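Here is how the chains run, residue by residue.
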Amino acid sequence: MERDTDLKQAVLWLVVFAAFALVPVATASKYHLLLAAHILLWGLFAVAFNMLWGVTGMLSFGQALYFGLGAYSVGLMVKHVGPGWFLPGLGLGLVCSVILSLAVGLLIIRVSGVFFTVLTLAFGQLAWQITFRWYHFTGGDDGVQGIIPPGILGNGLVYYYFILILVALAIWLMHRLSQSPMGVLLRCVRQNPSRVPFLGQSVRFSQLRIYVVSSFFAALAGSLMAGADNSIHTDMLYWTTSGEVILMSVLGGIGQFFGPFIGAGVLIVLQDVMGAKTEYWPLMIGIVMMVMVLLLPRGLVGEFQALRVRLKSLVASR
Amino acid sequence: MECILKLDGLEKAFGGLRVTASVSFSVKEGELSAIIGPNGAGKTTLFNQITGHLLPDRGKITFVGEDITGLSPQQIVKRGMGRAFQITSIFPEETVLENVRMACLSRRDEALSYFRPVHRFKEATDQAFAILESLGLHQQADRPAFELAHGDQKLLDIGMALGLEPKLLLLDEPTAGMSPDERQLTRDLIRRMWKEFNLTLIFIEHDMDTVFGIAQTVRVLQLGALLAEGTPDQIRSNPQVITAYLGEDLA
Chain A
1356 MERDTDLKQA
1366 VLWLVVFAAF
1376 ALVPVATASK
1386 YHLLLAAHIL
1396 LWGLFAVAFN
1406 MLWGVTGMLS
1416 FGQALYFGLG
1426 AYSVGLMVKH
1436 VGPGWFLPGL
1446 GLGLVCSVIL
1456 SLAVGLLIIR
1466 VSGVFFTVLT
1476 LAFGQLAWQI
1486 TFRWYHFTGG
1496 DDGVQGIIPP
1506 GILGNGLVYY
1516 YFILILVALA
1526 IWLMHRLSQS
1536 PMGVLLRCVR
1546 QNPSRVPFLG
1556 QSVRFSQLRI
1566 YVVSSFFAAL
1576 AGSLMAGADN
1586 SIHTDMLYWT
1596 TSGEVILMSV
1606 LGGIGQFFGP
1616 FIGAGVLIVL
1626 QDVMGAKTEY
1636 WPLMIGIVMM
1646 VMVLLLPRGL
1656 VGEFQALRVR
1666 LKSLVASR
Chain B
37 MECILKLDGL
47 EKAFGGLRVT
57 ASVSFSVKEG
67 ELSAIIGPNG
77 AGKTTLFNQI
87 TGHLLPDRGK
97 ITFVGEDITG
107 LSPQQIVKRG
117 MGRAFQITSI
127 FPEETVLENV
137 RMACLSRRDE
147 ALSYFRPVHR
157 FKEATDQAFA
167 ILESLGLHQQ
177 ADRPAFELAH
187 GDQKLLDIGM
197 ALGLEPKLLL
207 LDEPTAGMSP
217 DERQLTRDLI
227 RRMWKEFNLT
237 LIFIEHDMDT
247 VFGIAQTVRV
257 LQLGALLAEG
267 TPDQIRSNPQ
277 VITAYLGEDL
287 A
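Line by line, the protein sequences are chains A and B.
The numbering of the first sequence is the working numbering, which starts it at 1356 and goes up by one.
The numbering of the second sequence is the working numbering, which starts it at 37 and goes up by one.
To be clear, the hints were calculated from the coordinates, so they are not data collected in a lab.
Note that the structure is a prediction, hence the values are computed from the model and not measured.
Even glycine gets a Cβ: it sits at the ideal position worked out from N, Cα and C.
Don't take each hint at face value.
Unchecked claim - A few chain B residues that don't get close to chain A, going by computed Cβ distances all over 10 angstroms:
no., residue
1, THR81
2, GLN110
3, ARG119
4, SER149
5, PHE165
6, MET196
7, ASP224
8, ARG227
What the hints assert, rightly or not - Not the full set, but computed from the structure, chain B residues with beta-carbon under 10 angstroms of chain A:
no., residue
9, GLU67
10, THR98
11, VAL100
12, GLY101
13, LYS114
14, ALA139
15, GLU146
16, ILE250
17, THR253
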């Protein structure tokens, strides 16, 4: 039975991957390609965030800190050192995200619940303020423009496939993690933290581990975003960016690994479609979110799964 | 027989209230013993100190020849001490199998593996299933733990402790909230587990049929202090224990 689900999952993986790989074939529009890239990168960011929240039960309101860190490592490297320094910037961002999340994590994982959330928000906003004010280094509110990936990656199509492969690899790694003993341990930490020490495991270290992992992949998403948009902006560090991944996770379902990815896709498409029709699109998004939380609290993927289980048992009982 | 657990002058106070008052005793390896006493006598607090959940104010705890006073619960678990809780403490959304498998993985230092899917850890899975079988929970292995009946959840809690292959197992009121029939079953089960897994077992209990039915040694706590220690017969006829706790009818 367990091998069966392994196979089903592999097939599902291939279908989703192929769908994104075929986007450039289906449309010649550069805009649609950018939209698909955004779905991939926000999807990666949201899945990484949900490893913290949905899996481990740590609601961070400051993951924009690491998303922005990745983006600004690339952007500032290109701006101050040279256009060829895109990839070293990406590497630097990833290294910095590990170091910073370890340091911040050691400080804030002492507290839990709403205090943890407020501290993550504080650190996020601190980073935003610094970036906003330090004009001659970060470009302040102007951000950095003209970030072109080097060499063959400068081609939009090549860069899209570059993103696709990295995002697929990253999400696959996190999926493996979520199915592994450590993934189970993280779920245990959420469900009953006081029991975990009596199984010989540390709650704090489990939380710290996933905080670093989640921040690492947030930084990866941010740094790739810099190349996709060819620009970075202080908004990437603002609290609304942290809020965005929360919305995506709720929309798709926080109890499902792929929920936040689907949520990211739906939210981005919604924003795009509604944004073209009405200037009141944030209001529409707000209404959609309200309906979701009130009527479909398990999120799109979660409700779909629940429906499938119910149908199955209905068929079985006949 | 060798002594596996030794308490030396253990003291603990919450504010002005002495909850553990210079408690000293030794537990022999392989012993099946009970701790009894009126509510508020400090039984669970004593367990909490032995397992590292609470730090005693004074005194020393020796486990398998090593001073474990001040160690964290997870360090003490790694040295071979398992515990099940008075108020059932399980992982409600995980399956019954997963609850026990987590303990088995932890015992094998595999709990932090982050790449191989959990169901491919064959040894831990087999061991978890074997434990469920001896507890009679194997038919419910794939159900989420919250769906189990109260009595079965208590068993699952014990099963998780067994997954750690402990040398010493502490059970806090294993039959609390159970029907008389379930109590009888649990009593038999505890005795069987004790033999099957070669455990040293200490349990806290209010049900006197269980205490006098299976314990080899009984210790009585009152107001945080050790009032008496002896075989069930000695305890039953101890006049101090009768006035403090048992009452005339049980004597």
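Comparing the hints with the structure gives:
{"no.": "1", "hint": "THR81", "result": "holds, 16 angstroms"}
{"no.": "2", "hint": "GLN110", "result": "violated, 5 angstroms"}
{"no.": "3", "hint": "ARG119", "result": "violated, 5 angstroms"}
{"no.": "4", "hint": "SER149", "result": "violated, 5 angstroms"}
{"no.": "5", "hint": "PHE165", "result": "holds, 13 angstroms"}
{"no.": "6", "hint": "MET196", "result": "violated, 7 angstroms"}
{"no.": "7", "hint": "ASP224", "result": "holds, 25 angstroms"}
{"no.": "8", "hint": "ARG227", "result": "holds, 23 angstroms"}
{"no.": "9", "hint": "GLU67", "result": "violated, 22 angstroms"}
{"no.": "10", "hint": "THR98", "result": "violated, 20 angstroms"}
{"no.": "11", "hint": "VAL100", "result": "violated, 16 angstroms"}
{"no.": "12", "hint": "GLY101", "result": "violated, 20 angstroms"}
{"no.": "13", "hint": "LYS114", "result": "holds, 5 angstroms"}
{"no.": "14", "hint": "ALA139", "result": "holds, 5 angstroms"}
{"no.": "15", "hint": "GLU146", "result": "holds, 6 angstroms"}
{"no.": "16", "hint": "ILE250", "result": "violated, 24 angstroms"}
{"no.": "17", "hint": "THR253", "result": "violated, 24 angstroms"}
Violated hints for the displayed structure, listed by number in ascending order: 2, 3, 4, 6, 9, 10, 11, 12, 16 and 17.
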